Each structure stands twice: as structure tokens, then as C-alpha cells.
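Peer 1: Place chains B and C on chain A using the hints.
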Amino acid sequence: MIERIETNARMSQAVVHNGTVYLAGVVAADLTQGVGAQTKEVLAGVDRLLALAGSDKTRILRAEIYLADIKDFADMNAEWDAWVPAGAAPARATVQAPLYTPEALVEIVVTAAV
Amino acid sequence: MIERIETNARMSQAVVHNGTVYLAGVVAADLTQGVGAQTKEVLAGVDRLLALAGSDKTRILRAEIYLADIKDFADMNAEWDAWVPAGAAPARATVQAPLYTPEALVEIVVTAAV
Amino acid sequence: MIERIETNARMSQAVVHNGTVYLAGVVAADLTQGVGAQTKEVLAGVDRLLALAGSDKTRILRAEIYLADIKDFADMNAEWDAWVPAGAAPARATVQAPLYTPEALVEIVVTAAV
Numbered sequence: 001m002i003e004r005i006e007t008n009a010r011m012s013q014a015v016v017h018n019g020t021v022y023l024a025g026v027v028a029a030d031l032t033q034g035v036g037a038q039t040k041e042v043l044a045g046v047d048r049l050l051a052l053a054g055s056d057k058t059r060i061l062r063a064e065i066y067l068a069d070i071k072d073f074a075d076m077n078a079e080w081d082a083w084v085p086a087g088a089a090p091a092r093a094t095v096q097a098p099l100y101t102p103e104a105l106v107e108i109v110v111t112a113a114v
Numbered sequence: 001m002i003e004r005i006e007t008n009a010r011m012s013q014a015v016v017h018n019g020t021v022y023l024a025g026v027v028a029a030d031l032t033q034g035v036g037a038q039t040k041e042v043l044a045g046v047d048r049l050l051a052l053a054g055s056d057k058t059r060i061l062r063a064e065i066y067l068a069d070i071k072d073f074a075d076m077n078a079e080w081d082a083w084v085p086a087g088a089a090p091a092r093a094t095v096q097a098p099l100y101t102p103e104a105l106v107e108i109v110v111t112a113a114v
Numbered sequence: 001m002i003e004r005i006e007t008n009a010r011m012s013q014a015v016v017h018n019g020t021v022y023l024a025g026v027v028a029a030d031l032t033q034g035v036g037a038q039t040k041e042v043l044a045g046v047d048r049l050l051a052l053a054g055s056d057k058t059r060i061l062r063a064e065i066y067l068a069d070i071k072d073f074a075d076m077n078a079e080w081d082a083w084v085p086a087g088a089a090p091a092r093a094t095v096q097a098p099l100y101t102p103e104a105l106v107e108i109v110v111t112a113a114v
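Going down the list, the protein sequences come from chains A, B and C.
Those letters in the first sequence? Residues 1 to 114, by our numbering.
Those letters in the second sequence? Residues 1 to 114, by our numbering.
Those letters in the third sequence? Residues 1 to 114, by our numbering.
Hints were generated in silico from the structure; no laboratory data involved.
Please note that the accuracy of each hint is not assured.
Copies of the same chain are indistinguishable here, so a pair counts whether it falls within one copy or spans any two.
[To be verified] Computed list of lysine to any residue pairs in SDA-like fashion (alpha-carbon distance at most 25 Å, straight line): (1) Lys57 to Thr7; (2) Lys40 to Lys57; (3) Lys71 to Ala51; (4) Lys57 to Ile2; (5) Lys40 to Ala9; (6) Lys57 to Ala9; (7) Lys40 to Asp30; (8) Lys71 to Gly34; (9) Lys71 to Ala9; (10) Lys71 to Met1; (11) Lys40 to Thr7.
No experiment lies behind these values; they were computed from the predicted model shown.
One chain only, chain A, in its complex shape (with noise of 0.2 Å):
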């Protein structure tokens, strides 16, 4: 049993199979902003994805985090930090890698327990 959620000709925003979902890349729809909205974008993205999915916030597994300059790390962070659930911060990995798009500057790949 899969379960696919906003599904399109290219890639479906979130799959659901054996108790996991994974979620897309999210990235900030508003690309003008600085990279600490567009985190604080992301993020509620990456809530109303889990929500659909049956899922929320305490129960990620891991999250990728791609910073198109790795200089942001800090700004960032200071979006995550307030966002993470105390006692329930799932394992992380950052790296730098440009997006799709000069513009986009940072993507988080989320897997959670639904």
C-alpha cells in the first residue's frame, strides 16, 4: 500500500508506505525573501505536508537540509531551533548545494513515522 499526496506528471509532494512518509524537497514558494523567511517558509510547508500526511512535527525521523551558500547555516538555524519540538529533534544532515534556481536558497528534504 503507497499512498501518494499532491501528486503531479513529475513528482507527488509527499509518499506514504509502511508507517513512513516521505516528503519532496520543499523549497520557499516567495523566493524574494532572505533565507531566514524562506526557512520559516519551508517549514511551515514541511508541517502542512505531515499534517496531510497524518503525521506532524515530533514524530520526523531525519531532515536533509541544502543551503544554496552554507554561509546562511546560522540564520537558518535560528529559524530551525525555534521550530524543532524540545525532546523530539530528529536527526539532521546540512550540506551546500545550489537549487533549481539562484533565487531558491534553501531546501529540506523531511522523512517522518506517521
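Peer 2: Coordinates of chains B and C only, in the frame set by chain A:
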């Protein structure tokens, strides 16, 4: 129970556990080709490994795509979109990252249900 | 049921769910070392976290390796190949991506069966 497929001293091409198959990053064998042809070869390699694991492209949970140059995004997508089964597109994330040799233009890492 | 290991306000070093453990990206503590010594320290860190999760290196499903400079591929592989158990090599993907600080040369993200 862990099943390993095409295992050598460094890596396996696929590992099956608990109803999920984890593929290695797949790159093209013929690196003289452009990104479109390399993507086509990578996707054929994904098909082959999924078949060995008892899965197929209708059961992919997530794909992580690494492009050596993000300017190849559209050319990669043209092949990807033609390959993805209608209604069964996986979660996906794409970033730019140089691969083990400059001639390798695209690498795809797939997680699928068996 | 989700088990978190070495959890602080930002992240956990490992999270166990449904028979699978998701490690955080592991980097060396001593970043004055070259890539070979850093890789050795990273792999010792992976061993340590897997043990805390009730797993070990014979049960790794996939490893994603980030090198700050892909020219270190051979030096990283020398340590990796010496560490991987015969017949139990995981699926693997390796790309170049700068890490949180320029002195960090290698980061490894492991998923394993418990």
C-alpha cells in the same frame, strides 16, 4: 532480514529490508553522452535494479537527483517526465552537486517499496 | 514508537523507528586532520551510533557520503573499503558538497536496520 544485490567490496547496488529497497546512486556507464542521454541510461539502470529487488517504477517512494550543473535541470526533466508512470510519481528532490568525475552529469538515488 | 539518541535542541544523533535507524550526518571532531584521518574518525562515529541503536556496520542499508572536494574520493575510499565488512557493503552514493565549515572534509549519512 537484509537482502543485498550486486554486492562488491565497496558497495551494493541495492539493499532490501522491511519491504523497502534502497538503491545506490545510479550514474550512466557511457559518460561521453550529454545529460539527456545520461539521464535515460540512469533511469534504465534504476528500472533494472528495481526489477532485481522485486519492485518497479510505479513503487518509488522518493528520488534524490544530483546534477553536476543545475542548468541541465530542464533536459533531465524531459527524460524524467517521459519515464515517470502517470499517477505514480514519487517524492523528489534535485540539487546541484559535482559527481565522482566531471564527465558524470547526473546521479539518481532511489528508495522504493518492494 | 520512536526512539531518539543523543537529542539536543537542534537534532538527534540517531532516531529509531520501525526497525530502521536514521543517523545524523557524522563529521569528524578533529578537523585539523586530512581527509583519510577524518574519514576514519567519521566511521568510528558511525560504529558508535549504530551500537547505541542496537545495530552495527553489517546492517547498513545505505550511506550517503558528502566530500567537500571530490578529489578526495580515493583517499576516502581507502578508509571506507578497509572498514566495510566483506559481503555486507551497503548501497552508497557520493557527491561533492561543502560542509558547515571549510575544515570539515567528509560527512556520512547512514540508514541501517536495527
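Peer 1: Does each hint fit the structure? Answer for all of them.
Peer 2: Status of each hint after checking the structure:
no., hint, result
1, Lys57 to Thr7, "both (22 Å within a copy, 15 Å between copies)"
2, Lys40 to Lys57, "within (14 Å within a copy, 33 Å between copies)"
3, Lys71 to Ala51, "neither (31 Å within a copy, 34 Å between copies)"
4, Lys57 to Ile2, "both (21 Å within a copy, 12 Å between copies)"
5, Lys40 to Ala9, "between (28 Å within a copy, 17 Å between copies)"
6, Lys57 to Ala9, "between (28 Å within a copy, 14 Å between copies)"
7, Lys40 to Asp30, "within (11 Å within a copy, 32 Å between copies)"
8, Lys71 to Gly34, "both (13 Å within a copy, 23 Å between copies)"
9, Lys71 to Ala9, "between (35 Å within a copy, 21 Å between copies)"
10, Lys71 to Met1, "neither (42 Å within a copy, 36 Å between copies)"
11, Lys40 to Thr7, "both (24 Å within a copy, 22 Å between copies)"
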